[in-house]
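When you get a sec, could you build the whole thing from the sequences and use the hints?
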Amino acid sequence: MRRFCLLTAVFLFIMPFPTKAQEQEVYIAIGDSLAAGQTPYSQIDAGYTDIIALQLQRNGKLAHFTKELSFPGYRVGNVLESVQSEKADALLKDATLITISAGANNLLPLLTYNADAGTLAFSQLSANFALNEVRIQMKELLELLREKAPNAKVYVMGYYFPYVSVHEEQVEGAITSLKLLNRILQQQAEQANAQFVDVYDAFNEHAQSYLPNLKDIHPIQQGYRLMANQMLGQYSGNDAFEMREGAMPTPNPLTFEEILLLRNDEVEVKEPAYKPYVTAPHMHNNKPHPVMI
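For the sequence shown, the working numbering begins at 1 and goes up steadily by one.
Calculated from the structure, these hints are not laboratory results. Glycine residues also receive a C-beta, built at the ideal position from the N, C-alpha and C atoms. Among the clues, some could well be false.
As the list claims (entries may be wrong) - DEER-style ranges, computed between Cβ atoms:
1. Ser-123 to Glu-168: 16 to 22 angstroms
2. Glu-172 to Asp-89: 42 to 48 angstroms
3. Ala-247 to Ala-90: 20 to 26 angstroms
4. Glu-205 to Tyr-41: 19 to 25 angstroms
5. Leu-262 to Leu-125: 42 to 48 angstroms
6. Gly-173 to Glu-23: 44 to 50 angstroms
7. Gln-84 to Gln-187: 21 to 27 angstroms
8. Leu-144 to Ala-240: 29 to 35 angstroms
9. Glu-147 to Gln-222: 33 to 39 angstroms
10. Pro-150 to Thr-176: 34 to 40 angstroms
Unchecked claim - Calculated cross-link-like contacts (lysine-lysine; reagent style BS3-like; alpha-carbon spacing at most 27 angstroms):
11. Lys-87 to Lys-148
12. Lys-139 to Lys-153
13. Lys-87 to Lys-139
14. Lys-215 to Lys-179
15. Lys-153 to Lys-87
16. Lys-148 to Lys-93
17. Lys-139 to Lys-179
18. Lys-148 to Lys-215
19. Lys-153 to Lys-93
20. Lys-179 to Lys-153
Set out below in structure tokens:
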């Protein structure tokens, strides 16, 4: 969720056009670096959005997936701006499923975190201001999505506590603010008839193993798997779509430099640069295939 000036990878799971009989989803993932799939080591790989898409595809429920509207560092206002773009109009008009990760970048940059010392400090006044900003802008975002994607089921993802090395006496205020962030996201989701996906307790039971880089707040794929399964459980009402540990895609992290090189190669051969649906198969051995757009 740190700010980067490089384009993230976009993973597309490509399937045929959706029909009512097939009841396949046009899945658009929007938000910050968690939606983009950032690793603990400043790379991009399959994150929770890719895992959701893969499980939908494996169950014959996926027509199209993109996380083109996801970018590391996005605050709620940035997500709102991206949804207002012409590019978003093409992506969202046929959407039937949307996930959102947004809000943490409004709050976390206000915290002064020292991983080596295990300390965490912040201004409660600044945090309160940021949380109120999240409340206002998330309401606007959800209203806009209802307008631009009227047929979409919307899921707002909650957050985990990412600072596993902080001394216990240092965390109380920060935990309170993060839980308040989740409560705001839940309230706004419910008011907009969207679903809130709570990952806080389930993730933090395993946070030490999911967050191996103490100086980075992004999880390994097992952490993303848990987030995806929390969403998929709400989506299906049971564990039918759950991603089992042995069915995980093989890790294939790309550096931002590699992503830019791949994107340049794709731009030279692709025409047009973006198609709402692409019918050529890009699934190999049940692994996401990166398509740069």
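Hints versus structure:
At about 21 angstroms, the beta-carbon gap between Ser-123 and Glu-168 stays in the expected band of 16 to 22 angstroms. Between Glu-172 and Asp-89 the beta carbon distance is about 44 angstroms. The supplied range of 42 to 48 angstroms therefore holds. Checked against the hint of 20 to 26 angstroms, the pair Ala-247 and Ala-90 fails, with Cβ atoms roughly 32 angstroms apart. One distance hint, 19 to 25 angstroms for the beta-carbon pair Glu-205 and Tyr-41, holds here, with the actual separation near 23 angstroms.
Distance hint for Leu-262 and Leu-125: a CB-CB separation of about 44 angstroms, consistent with the stated range 42 to 48 angstroms. In this structure the supplied range 44 to 50 angstroms holds for Gly-173 paired with Glu-23, their Cβ-Cβ distance being about 46 angstroms. Here the CB-CB span from Gln-84 to Gln-187 is close to 23 angstroms, well matched to the stated 21 to 27 angstroms. Distance hint check for Leu-144 and Ala-240: the Cβ-Cβ separation is about 32 angstroms, which falls inside the suggested range of 29 to 35 angstroms.
The beta-carbon spacing between Glu-147 and Gln-222, approximately 37 angstroms, falls within the hinted interval of 33 to 39 angstroms. A hinted range of 34 to 40 angstroms for the beta carbons of Pro-150 and Thr-176 is consistent with their spacing of about 37 angstroms. For the hint pairing Lys-87 with Lys-148, the CA-to-CA distance comes to about 12 angstroms; that is within 27 angstroms, so the pair holds. Restraint check: the Cα-Cα separation between Lys-139 and Lys-153 comes to about 16 angstroms, which is no more than 27 angstroms; the hinted pair holds.
For the hint pairing Lys-87 with Lys-139, the CA-to-CA distance comes to about 21 angstroms; that is within 27 angstroms, so the pair holds. Proximity of Lys-215 to Lys-179 is assessed by CA-CA distance (about 21 angstroms); at most 27 angstroms being required, the pair is judged to hold. This hinted pair checks out: Lys-153 and Lys-87 have alpha carbons roughly 20 angstroms apart, not beyond 27 angstroms. Distance hint between Lys-148 and Lys-93 is fulfilled; the C-alpha atoms sit about 6 angstroms from each other, no more than 27 angstroms.
Pair hint Lys-139 plus Lys-179 holds up; C-alpha atoms about 18 angstroms apart against a cutoff of 27 angstroms. Among the hinted pairs, Lys-148 with Lys-215 is inconsistent with the structure: their alpha-carbon atoms are about 38 angstroms apart, more than 27 angstroms. Distance check on the hinted pair: Lys-153 and Lys-93 sit about 13 angstroms apart at the alpha-carbon level, within 27 angstroms; holds. Pair hint Lys-179 plus Lys-153 holds up; C-alpha atoms about 24 angstroms apart against a cutoff of 27 angstroms.
Hint violations for this structure: numbers 3, 18, all remaining hints satisfied.
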